[in-house]
Every structure is written in C-alpha cells, then in structure tokens.
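Here the protein sequences line up with chains A and B, keeping their order. Its first residue numbered 1, the first sequence is counted upward by one per residue in this note's numbering. Its first residue numbered 1, the second sequence is counted upward by one per residue in this note's numbering.
Hints were generated in silico from the structure; no laboratory data involved. Heads up, some of the hints might be wrong.
The following residues of chain B were derived to be distant from chain A, with all beta-carbon distances above 10 angstroms [unchecked claim]:
no., residue
1, Phe-17
2, Arg-30
3, Pro-53
4, Ser-61
The calculated SDA-like cross-link candidates involving lysine to any residue, where the alpha carbons are at most 25 angstroms apart (straight line), are [to be verified]:
no., chain 1, residue 1, chain 2, residue 2
5, A, Lys-172, B, Lys-38
6, A, Lys-172, B, Glu-102
7, A, Lys-172, B, His-58
8, A, Lys-172, B, Arg-72
9, A, Lys-172, B, Glu-70
10, A, Lys-172, B, Ser-41
Cβ atoms here follow ideal geometry from the backbone N, Cα and C, with glycine treated the same way.
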Amino acid sequence: MLARLDNVTKRYRTVEGLRDVSLEFPEGEVAGLLGLNGSGKSTLLKLLAGLLVPTAGRVTVFDGTPRRNRARLVYLGEADSLYGWMDARDAERFMAGLFADFHRDRFRELLQGLDVPPRKAKAMSKGERGRLRLAMTLARDARLYLLDEPLAGIDLLSRERILSSLVREWHKDSTILLSTHEVAEAEGLFDRVLFLREGRVALDARAEALRSEGRSVVATFREVLG
Amino acid sequence: MTDRRGWFLDPEAGPIFQQIGDNVRRFLARGDLRPGEKLPSARDLAGELRVNPNTVVHAYSELEGQGVLETRRGLGSFVREDAPVEGMRQDLIRRAASRFAEEAVRLGLSKGEAIAAVKEVLDARAAR
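Work out the full structure, taking the sequences as your base and the hints as a guide.
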C-alpha cells in the first residue's frame, strides 16, 4: 500500500474538513477525487502531502508519516507558486536545486509536449502557467502524485494537453490522486473514483465498473452528489 | 477524441476498453486498418484519447484473445494476418441492424415500413 488513511478527521477552527475517513491507495492507480467545493478534496490531498496534520486518526505514506516521506511525494496545490520573473529555464534550475529526483531532460520534453512558451511567468496566461507548473511537477520521479485541481480555470486546449501528458508520464509503480471539477474531460483517466461529500467518502468505485453498469462517472456524480 | 482514423469514445456507452475494441473492429471492417499493420502503443493511444493506459492494455489483450491482434515482443501490437475481418464486419453490420430493428419493433413498424424508413434516411444522406 502506497498510502492510507485510518479514521482520519481534520477539524478546522469551526468546520470539519474530513470526517472519520479510512482509505487505502495501492501502487499503480490513477484515482479521481470528485466532489463539490468544500467537500474535503483539498484537505485530503494536503493531509497526504503532510501539509496538514489530522485532528484524529492516522495518515501513512510509504509506511511512515507524510512529513518524513516528503521527498518521495509530489504535491501540486491550487495556489500558483510561480515567481513572476521565472521563465521555464529558471524554473528548471530552481527545481533541480530543490529536488534530487528532478529530471532536467524529462522537464524539457514536458515543456515541449505541453507547449509552454519561453516567457516569464508574469507574461503567461493562466493556462500557460498551469502547464509550466505541471511540467515542474511531473519531471520529478516520485511514487505518489497529489494534484489538486490541475485543470481548474484554464482553457480547454491546456486541459487536454495536461491530461495527455499525465497519461504519457504516468508509470505503473506510481499512484496519482487528482482532484477536479472537470469530471467529463478527466473521467477516462481514472481507474478509481472517490466521491466526497461533506468530508466523507460518499462512493468509492472503479470507473470501468460504473460504465459497464451503463453509468458514466459524470452521471454517477450527479446521482451521488446532486 | 479523434485522430486521423476517427477514434470515438462515449463515457455514457459502456466500458471504455470495450469501446476501444469496437473502434479497432470498425477500422478493420472499413479498411482503415489492415492485417499486418501496427497499432499505436498503449501509452501513445492512451495519451491521444486521454484515457488510462491500463484501459488500452485491457482492450488490446481482449482483442488478442479474440484473435484480432498479436503482440510481437518488443515491437508492439499488430493486426494478425489471419484476423477475421469479414466476420467482424458482418458482426458489426448485424449489431447495427439489430439496434435499428429493435426500435422499429417497439414503434410497431411493419417490415416494409422499417426498410422504407432506412432507405429514405440513407437516400437523404447521399443527396447531401
């Protein structure tokens, strides 16, 4: 098991982000994290990334705490962490200095595949920045990729490029957890879909199994969360 | 979700691995794909269709089991020289006709009415 949550609750000052959730993530899986705003998707990803500590229960990543294993996991948050002065070459130096598992040649391939323009981040569109951030993320050789809304607020073409790159870069010994609102566009990518509602797992299913019952993931989303 | 061959997937229409199989059979029936030809690698096709590579692997292995494809070690997946192309073509035609026939029966059409309806639509398309 690559990661697991045992009876995890995360309480913020007044609200509960996650309520008594237990989940296991085996290696070699692409799991979609689906739910409305405030359903707990980001909380779950941040807990696995070690950016949040559970109020109760235990989060385990590679048989240890997420904090101890941060070098082996990759987290792409919603916040745009790029410096405005950075272009792709600066980003490459920055990442290579920070992470031993960052592959410069893979990064350059990704830049090409994602069609990232040679401009400073501040002169890029939101979609272009999203693509650059994804290239930075995927050029690392991690086993666990935690991607929080990598498709949010960017144009269709960028979303398609991002999904294609994700598919091409994904390796069987790694697991991707991806939260998104773009269910229809991303559903083909998922082995497994987790529907979150008010901090709980409302449904945990295999995407192909849903479709063989004649229900798309989108239709199931409406059924379960609508 | 289309390339030069016009792959078509619909998440509402059942498991994706099955639909990939149907696409391959349709390309063969139309002659857009021929015996001996190589298929894209699972990763490339997955990237293009933006689906999970496992799903493509699953589809290819089903097609292999049905005698349509063969895997050549280190080279990739190929359409078998003896792939039952005509059989698949007939099967696809029968399936399409059955879908229409079922709806025609539900509508209470006579055989003549059903055939006339198809003919009319096909003629109209040809005239476009």
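Any of the earlier hints contradicted here, and which numbers?
-> 1, 3 and 6
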